[in-house]
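There are 2 protein chains.
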Amino acid sequence: MSENKLKIEKIRRGTVVDHIDAGYALIILDLTGLAESTNLMTIGVNVPSRKLPKKDIIKIENVFLNEIQKQQISILSPDATISLIEDYNVIEKGKVKIPNVIKKLIVCQNKTCITNSSKEPIDTEFLVLEEKPLKIQCVYCDRIYKLDEISFISKEKTEKKIKQRFQL
Amino acid sequence: MSENKLKIEKIRRGTVVDHIDAGYALIILDLTGLAESTNLMTIGVNVPSRKLPKKDIIKIENVFLNEIQKQQISILSPDATISLIEDYNVIEKGKVKIPNVIKKLIVCQNKTCITNSSKEPIDTEFLVLEEKPLKIQCVYCDRIYKLDEISFISKEKTEKKIKQRFQL
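So the protein lines, in turn, are chains P and R. Numbering-wise, the first sequence is residues 1 to 168 according to my numbering. Numbering-wise, the second sequence is residues 1001 to 1168 according to my numbering.
Hints are computed from structural coordinates only; laboratory data are not their basis. It is possible that some hints are incorrect.
As the list claims (entries may be wrong) - Below, computed lysine to aspartate or glutamate pairings styled on EDC-like, alpha-carbon distance capped at 20 Å:
1. P:K95 / P:E67
2. R:K1104 / R:E1130
3. R:K1051 / R:D1079
4. R:K1054 / P:E61
5. R:K1054 / P:E36
6. P:K54 / R:E1130
7. P:K132 / P:E149
8. P:K54 / R:E1036
9. P:K10 / P:E67
10. R:K1070 / R:E1125
11. P:K111 / P:E67
12. R:K1103 / R:D1142
What the hints assert, rightly or not - Listing some non-contacts, in silico: residues in chain P with all C-beta distances to chain R over 10 Å:
13. E36
14. F64
15. G94
16. K97
17. I98
All C-beta atoms, glycine included, are put in the ideal place defined by N, C-alpha and C.
Between the sequences and the hints, there should be enough to build the whole structure, so can you do that?
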């Protein structure tokens, strides 16, 4: 058995998100709200991979992702694949697809942008200029963002069990 | 093979944190800074267990925890065990120990507490009144906190790759 090989037991039913960019699995779990799940999850971070230098992987039982979660994953890891499992078999598998326009998921940080208006705020929309590395542009104020510059909106987020205050 | 069984490959060298309270592994990774590690990690969340109803487990290669990280884990999961692995063998294993007094790790949320003085702030100290469920008391202002009420200080935290803004 290869020393590098990571074996995570097959799941009976649920979802496998594979080929996640290394280091993004925990961010994806947090953003999608899956971190709060009470279902069995196994996660591999910085796993040696043939296709990429390293990758992350998430397996979660009895959970199937909604469209918002799939879009969130596509933004963070455009090469990710999502497999649906039933009776230990992959019944569907596909690569995530980043939409041409990302709606309601990302905050525009330009305070004067109409999406941040306190009187009549409107939903954010970003045009995807480049997928990898990600480059998006606010439809309303034209400001351009790279992946490490974006802030996500998460309406489904429940309060964390433990609060953290970071003193840098 | 039991359907419930979770098999995560043995690691060659590093640390296994087992018997983490279910749902706390991801919080522990975040708080201890291990989430930012570029080493191979495998994580099980909500894993069926003989001892507890469910548990979490973290395996991380080539990483050994420092005293601060061990204390952070003991606060979040007083039943956790930490094993050191060399050449695929456990060379040391022990249960975490919550200290009698927790120093510098937790914020006192009483704004008038001397630990929050803007002029002469002093390091926080909390007396551990009860381990599980956790109950701690600020040495300076006597305020009492339960686990879900505490805020951690994390000096080692580097900025997250992706910022999240939560709109509840």
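Hint-by-hint comparison with the structure:
{"no.": "1", "hint": "P:K95 / P:E67", "verdict": "holds, 13 Å"}
{"no.": "2", "hint": "R:K1104 / R:E1130", "verdict": "holds, 19 Å"}
{"no.": "3", "hint": "R:K1051 / R:D1079", "verdict": "holds, 10 Å"}
{"no.": "4", "hint": "R:K1054 / P:E61", "verdict": "holds, 14 Å"}
{"no.": "5", "hint": "R:K1054 / P:E36", "verdict": "holds, 14 Å"}
{"no.": "6", "hint": "P:K54 / R:E1130", "verdict": "violated, 43 Å"}
{"no.": "7", "hint": "P:K132 / P:E149", "verdict": "holds, 14 Å"}
{"no.": "8", "hint": "P:K54 / R:E1036", "verdict": "holds, 14 Å"}
{"no.": "9", "hint": "P:K10 / P:E67", "verdict": "violated, 24 Å"}
{"no.": "10", "hint": "R:K1070 / R:E1125", "verdict": "holds, 17 Å"}
{"no.": "11", "hint": "P:K111 / P:E67", "verdict": "violated, 28 Å"}
{"no.": "12", "hint": "R:K1103 / R:D1142", "verdict": "holds, 15 Å"}
{"no.": "13", "hint": "E36", "verdict": "violated, 8 Å"}
{"no.": "14", "hint": "F64", "verdict": "holds, 17 Å"}
{"no.": "15", "hint": "G94", "verdict": "holds, 23 Å"}
{"no.": "16", "hint": "K97", "verdict": "holds, 20 Å"}
{"no.": "17", "hint": "I98", "verdict": "holds, 15 Å"}
Checked against the numbered hints above, the structure breaks hints 6, 9, 11, 13 and satisfies the rest.
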